[in-house]
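Student: All chains, please: the whole structure from these sequences, using the hints.
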Amino acid sequence: MSNRPSTQATDEDLRLDVETRTKLLAVVVDANSYGKVGPDLPRLASLAADLAKIDVQVWVPEPVAWEWAEHLAAQWVAARNVVNDQLSHLSRAGLPASSINPSYLSREDLISKFLSVLTDTPHVKVVELTGASAIEGLKDQVLQRKPAKTKSADLVKTGGSDSAWLRDVVAKAGEPDRVMFLSKDADIKSAYAAWGYGQPLVREANTVRASLFEYVFASIDEEWMIARYLADQLPLNLDDATKSDAVQLVGTTVDVLEAVDLDWEHHGLISASLTKLTKLAGLWWVEREAPERHEPGRAPKRMVFRAIALFLAEAEITDIYSLTGGDTAGERTLNSDQLIARTRLMVTVENGKIVKVEPDSETVVSNSSPRSDHNWEAGNELADALEGVTGLELPSGHLGGWNVAEEEVLVKGTTQQVRLSWSHHNEGELWISVGTDEAHVTCEYDANAWIGGKEGMYGESPYFLRVETEHDIERGPWALAAWVFNRLLDSSDTESE
Numbered sequence: 181m182s183n184r185p186s187t188q189a190t191d192e193d194l195r196l197d198v199e200t201r202t203k204l205l206a207v208v209v210d211a212n213s214y215g216k217v218g219p220d221l222p223r224l225a226s227l228a229a230d231l232a233k234i235d236v237q238v239w240v241p242e243p244v245a246w247e248w249a250e251h252l253a254a255q256w257v258a259a260r261n262v263v264n265d266q267l268s269h270l271s272r273a274g275l276p277a278s279s280i281n282p283s284y285l286s287r288e289d290l291i292s293k294f295l296s297v298l299t300d301t302p303h304v305k306v307v308e309l310t311g312a313s314a315i316e317g318l319k320d321q322v323l324q325r326k327p328a329k330t331k332s333a334d335l336v337k338t339g340g341s342d343s344a345w346l347r348d349v350v351a352k353a354g355e356p357d358r359v360m361f362l363s364k365d366a367d368i369k370s371a372y373a374a375w376g377y378g379q380p381l382v383r384e385a386n387t388v389r390a391s392l393f394e395y396v397f398a399s400i401d402e403e404w405m406i407a408r409y410l411a412d413q414l415p416l417n418l419d420d421a422t423k424s425d426a427v428q429l430v431g432t433t434v435d436v437l438e439a440v441d442l443d444w445e446h447h448g449l450i451s452a453s454l455t456k457l458t459k460l461a462g463l464w465w466v467e468r469e470a471p472e473r474h475e476p477g478r479a480p481k482r483m484v485f486r487a488i489a490l491f492l493a494e495a496e497i498t499d500i501y502s503l504t505g506g507d508t509a510g511e512r513t514l515n516s517d518q519l520i521a522r523t524r525l526m527v528t529v530e531n532g533k534i535v536k537v538e539p540d541s542e543t544v545v546s547n548s549s550p551r552s553d554h555n556w557e558a559g560n561e562l563a564d565a566l567e568g569v570t571g572l573e574l575p576s577g578h579l580g581g582w583n584v585a586e587e588e589v590l591v592k593g594t595t596q597q598v599r600l601s602w603s604h605h606n607e608g609e610l611w612i613s614v615g616t617d618e619a620h621v622t623c624e625y626d627a628n629a630w631i632g633g634k635e636g637m638y639g640e641s642p643y644f645l646r647v648e649t650e651h652d653i654e655r656g657p658w659a660l661a662a663w664v665f666n667r668l669l670d671s672s673d674t675e676s677e
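Taking our numbering, I'd label the letters of the sequence shown as residues 181 to 677.
Be careful, since some hints might not be right.
Stated by the list, open to error - Pairs of lysine-lysine, DSBU-like flavour, derived with a Cα cap of 30 Å:
#1 LYS305 <-> LYS326
#2 LYS216 <-> LYS329
#3 LYS329 <-> LYS319
#4 LYS293 <-> LYS364
#5 LYS369 <-> LYS329
#6 LYS329 <-> LYS305
#7 LYS233 <-> LYS203
#8 LYS352 <-> LYS326
#9 LYS536 <-> LYS364
#10 LYS331 <-> LYS369
#11 LYS364 <-> LYS319
#12 LYS369 <-> LYS305
#13 LYS536 <-> LYS293
#14 LYS216 <-> LYS293
#15 LYS319 <-> LYS369
#16 LYS216 <-> LYS364
#17 LYS305 <-> LYS319
#18 LYS319 <-> LYS216
#19 LYS203 <-> LYS364
Said to hold, decoys possible - Label pairs and their computed distance ranges (CB to CB):
#20 GLU586 <-> ARG646: 16 to 24 Å
#21 ALA366 <-> ASP435: 21 to 29 Å
#22 ALA470 <-> THR330: 44 to 52 Å
#23 ILE234 <-> ASP626: 49 to 57 Å
#24 THR330 <-> TRP630: 43 to 51 Å
#25 GLU567 <-> ASP419: 30 to 38 Å
Treat the hints as calculated values from the structure; they're not laboratory data.
Beta carbons are placed, not taken as given, at the ideal position from N, Cα and C, and that holds for glycine.
Tutor: What follows is the structure, given as structure tokens:
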């Protein structure tokens, strides 16, 4: 999977016209708006605070709040059972284990506290379920009136809850086109069609801002300000309870096990969690709010930026290992440092200084040293990674051909120059210099990737990148991008004026 941010849907494509934005009363949050793992209240609170500035409310239907609460309670029960099992081992060994006892008294206690926290979230309104809508929703489900439906092989009737809260929010808004839904569910479109409302406004969490706010590209000095600030936070131990709440670089993490090992189930891996961000490896699409969206008199003092940041990362993995003969021996904890973590961040700047960073997307984790089917594909991966280095514009053409050439480019926003020299020798080589420091990249061919003799096949893609610097030998294009970023940031010339 490529970590280069997609440009398929631009902000201009997503942005609503002025008339539609002006008419909008509220953004309604569906249960699946932040993925299967449940709610992300810090992201929701941040969005609600920004929407309040343009007089758009955020509504959470009461059944959605209930669904979130039940999901969190189920997760808590599962986690409590695992913790209790492990605590029993410590207790039998004579070790105190009270420090990691569960914080909630019961499942009901957790539900009550979550609903209280949600209700107290600034600018977020929980829309109560009315009796009339509840009855109509139940009738939809029992009588199978659209938008109700059946699911699974047992033809279980469903849809009553969504039908009920949809009726309530439309009634509260007064008109069906005065609400936008934050959702990944096609059922809302089915309901609108069944009721003759036309097409609903539906956006996902990672596109809602682009639909309602106008952004312009940041200046190169602003890009470097953000890059330097992010790099200064690293390495960042994600388990450190003392880290500042003003610097949150990771959202809900997804795909960690797949990033560690695509065949993780077969190899006995049972869990993985991101534990550390080590280096800044890329900064893409740095934008700031357009001036007209600023409050009167606020523009010179406070600005909100958004950017896609990529970090080299580490994770902790738990696996079940076996002794000789296949007998299961137990669990063990391993570490992986061949990862890249990608997050869209919101960056708040006041009086020229960054005061807050928070995630505005899930954090997608992938392998930082991908393999390629051809050496030119590896070259293209390298070019993509280097384009994420602030101010660095590669020469015309691309590295995929591994052409014999030498170039020297000035990095925008700095007085630094980057020297590039690449060759088609062997499978391809690149020398890259920043100041007196040099990195050497080679495209390597893994002969062991071929299996099955003359009539065999590749078990995995055979080409990979090897990055050698003065102190390290690493793999993958992002290792080089991180090295270039760090060399440039080590120079005071990159500081914003």
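Student: What's the verdict on LYS352 and LYS326, does the C-alpha distance respect the 30 Å limit or exceed it?
Tutor: Between LYS352 and LYS326 the Cα gap is close to 21 Å, so the pair holds against 30 Å.
Student: Would the hint linking LYS369 and LYS329 be met if the CA-CA limit is 30 Å?
Tutor: Status holds; Cα separation ~13 Å.
Student: For the pair supplied as a hint, LYS305 and LYS326, is the alpha-carbon distance within the 30 Å limit?
Tutor: holds, 28 Å
Student: Against the 30 Å threshold, does the CA-CA distance of LYS203 and LYS364 hold or violate the hint?
Tutor: holds, 23 Å
Student: For LYS329 and LYS319, compute the direct alpha-carbon distance and say whether it is at most 30 Å.
Tutor: Cα-Cα ~12 Å, so holds.
Student: Holds or violated: LYS233 and LYS203, Cα atoms, limit 30 Å.
Tutor: Holds. LYS233 to LYS203 sits at ~15 Å (cutoff 30 Å).
Student: Just to be careful, I want the Cα atoms of LYS216 and LYS364 compared with a cutoff of 30 Å; is the pair within it?
Tutor: holds, 10 Å
Student: With 49 to 57 Å as the target window, see if ILE234 and ASP626 comply at their CB atoms.
Tutor: Taking Cβ atoms as reference, ILE234 and ASP626 lie about 54 Å apart, which means the hint holds.
Student: For the pair THR330 and TRP630, does the Cβ-Cβ distance stay inside 43 to 51 Å?
Tutor: Once the Cβ atoms are compared, 50 Å apart, the range 43 to 51 Å for TRP630 and THR330 holds.
Student: Given a hint of 30 to 38 Å, does the C-beta separation of GLU567 and ASP419 actually sit inside it?
Tutor: holds, 32 Å
Student: Please work out if LYS319 and LYS369 have their alpha carbons no farther apart than 30 Å.
Tutor: Holds, because 19 Å separates the two Cα atoms, which is no more than 30 Å.
Student: Is 16 to 24 Å respected by the C-beta to C-beta distance linking GLU586 and ARG646?
Tutor: Between GLU586 and ARG646, where Cβ atoms are some 21 Å apart, the hint holds.
Going down the numbered hints, you'll see the structure goes against none, and every one checks out.
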